[in-house]
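Input sequences plus hints: build the corresponding full structure.
Residues per chain are reported as follows:
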Amino acid sequence: MHIPDGILPLSVTGSGYAATALTTWYSIRKIRQKEDPRQDIPKASLLTAAFFVASWIHIPVPPTSVHLVLNGLLGALLGYYAFPAILIGLFFQAIMFGHGGLTTLGVNAMIMGLPALIAHHIFRLRKWRNGDSQRKTGAFGFLSGVVATGISVAMFVIILLTNLPAEINVVSERAAIYALAIAHIPVIFIEGTVTALVTMFIRKVRSGILDGV
Amino acid sequence: MNLGIDEYTDLDSPFHRWDPRYKIIGLITLVFAFSFIRDLRMLLAVAIATITIYGISRLPAGYIVKRFRYPSFFLLAIVLSLPFLSGEHVLMSIGPIALRQEGLLATILIATRFSCILIVGMILLGTTPLLTNIKAVRTLGIPDIMADMALLAFRYLQEIGRDLRNMQTSMRLRGFKERRFSPRGLKTLAWLSGSLLIYSYERSESIYKAMVLRGYGQAPPRQSEFQANKKDALILVAIILTAAGFIIGDLMLGHSTSTLLQ
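Heads up: the sequence lines are chains A and B, in that order. Mapping of the first sequence onto numbering that gives the first Met the number 0: position 141 corresponds to residue 140, and the numbering continues sequentially without gaps. Mapping of the second sequence onto numbering that gives the first Met the number 0: position 243 corresponds to residue 242, and the numbering continues sequentially without gaps.
Be a bit skeptical, because a hint or two may be false.
To be verified - Straight line, CA to CA, 30 Å or less: simulated DSS-like cross-link-like pairs of lysine-lysine:
| no. | chain 1 | residue 1 | chain 2 | residue 2 |
| --- | --- | --- | --- | --- |
| 1 | B | Lys208 | A | Lys29 |
| 2 | B | Lys186 | A | Lys29 |
| 3 | A | Lys203 | B | Lys208 |
| 4 | B | Lys186 | A | Lys126 |
What the hints assert, rightly or not - To spell it out: a stretch of chain B is covered by chain A in this simulated footprint if at least three of its residues, at any positions, have a beta carbon under 8 Å from a beta carbon of chain A; those stretches are:
| no. | stretch |
| --- | --- |
| 5 | 80 to 91 |
| 6 | 134 to 146 |
| 7 | 168 to 174 |
| 8 | 200 to 212 |
What the hints contain is simulated information worked out from the structure, not anything from laboratory work. Note that the structure is a prediction, hence the values are computed from the model and not measured. Think of the CB as a built atom: it goes at the ideal place given N, C-alpha and C, for glycine as much as any other residue.
Shown next, in the form of structure tokens:
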């Protein structure tokens, strides 16, 4: 779900950077409101690196395998640090593996990062009424993963198909949207399930990680 | 895991000697100008300019091959499907499959822009160590929190990658097979991700304590380690004028892939 260089026009890549700058500014403003914002930087940095590495884990979905996006889980665990973390992760992916690109970094950050912030707010709802429990952590973890990946897929498909430098007829465009959306349904549910399982696992083993979010 | 990003940063070329701050501004401006181009004649000029500056950078040809080894499969899908899905003028057809002119031109445009932007990006990142680039970006005004996070994440990427490999080896030695999808297998892989996150979190706590002991957050801001001269500024002006030239040339030629066909 990374849009590579060369496809999107300058107006879209430029707007992507502007929107990313604005969202980064907002996220950092929220982070700085903490008592000691620097205290969480090592935690956020190492979790950024761990998320980057965890995205290499392939889940077998015959006849192929998929790798995890984990933006819902990132939002759930890192809160407002999730957006800068995703921006950094996408930058590393672009320069190390050629996934995504330098001009599309802003657009890709919005596709992955904005749903992560939404996932953060969904996951926080688990504390609503009587605090959180293992079951509520799982349910809201699942919801965070499904909603974040679902929104990312929708943004990706819409941005891509409306900005291809070629005219595709309406029937083909609709068919492509349906095909891409259907192909991603298993991925959305796998993301939701993995997010639920990981958040429940963390709550059981090291609940302190979830305290701040 | 060998990331191999800084493999050729110790070579000597005008791009290696160029002040990293000016290089970031100049080459990022250039790649954005590339993404503006739509006319095929200007695209040819862009390709020639890219090859020329890659030659000047003295980076070996093998470096390009290595980076293109992982092209986006998604881009490949576009290149393979667009000539057959987009456009009205059929160039040739075999049974139900028709090669269309507009789709073919769009594919040439996408593939050329992608390659040129990737190569210029490789010059930007292949001629300066990544840590120096992050420090340069910090002096250009990105927030300290972002720069600190990028430096730390990069520092521990290889170690966490090694942790994952060790965990996967242990799982295989205990009989875990990743080939088939099963709810139990999914749960095991989720716990693998969870263990990696917990392990990294625990490591971050001791790293933070070590950083505080070394004065993290207390020391006054250091003087910039970069010093630009007139030559750096002149190269920057030349690159920005080239980028502006591409944009103006493209606008003058009609800013469209179909101009040549009219």
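Proximity test - 8 Å, beta-carbon atoms, the stretch 80 to 91 of chain B to chain A, at least three hits:
Since three or more residues must qualify, the claim that chain A covers the stretch 80 to 91 of chain B holds, with 4 doing so at under 8 Å.
Straight-line alpha-carbon gap A/Lys203 to B/Lys208, limit 30 Å:
It holds: about 25 Å lies between the C-alpha atoms, which stays within 30 Å.
Tell me whether the statement that chain A covers the stretch 168 to 174 of chain B is true, taking a Cβ distance below 8 Å and needing three residues at minimum.
violated (count 0)
Coverage assertion for the stretch 200 to 212 of chain B with respect to chain A, Cβ distance below 8 Å, three residues required
holds (count 8)
So if I understand the rule, the pair passes when the alpha-carbon distance is 30 Å or less; does B/Lys208 with A/Lys29 pass?
holds, 24 Å
Closer than 8 Å Cβ to Cβ for three or more residues is the test here. Does the stretch 134 to 146 of chain B pass it with chain A?
As far as the stretch 134 to 146 of chain B goes, the hint holds, because 3 residues have Cβ atoms under 8 Å from chain A.
Agreement of B/Lys186 and A/Lys29 with the hint, judged by alpha carbon distance not exceeding 30 Å
Given that 30 Å is the threshold and the Cα spacing comes to 34 Å, the pair is violated.
Check whether the Cα positions of B/Lys186 and A/Lys126 lie no farther apart than 30 Å.
holds, 24 Å
When held up to the earlier numbered hints, the structure conflicts with 2 and 7 and fits the remainder.
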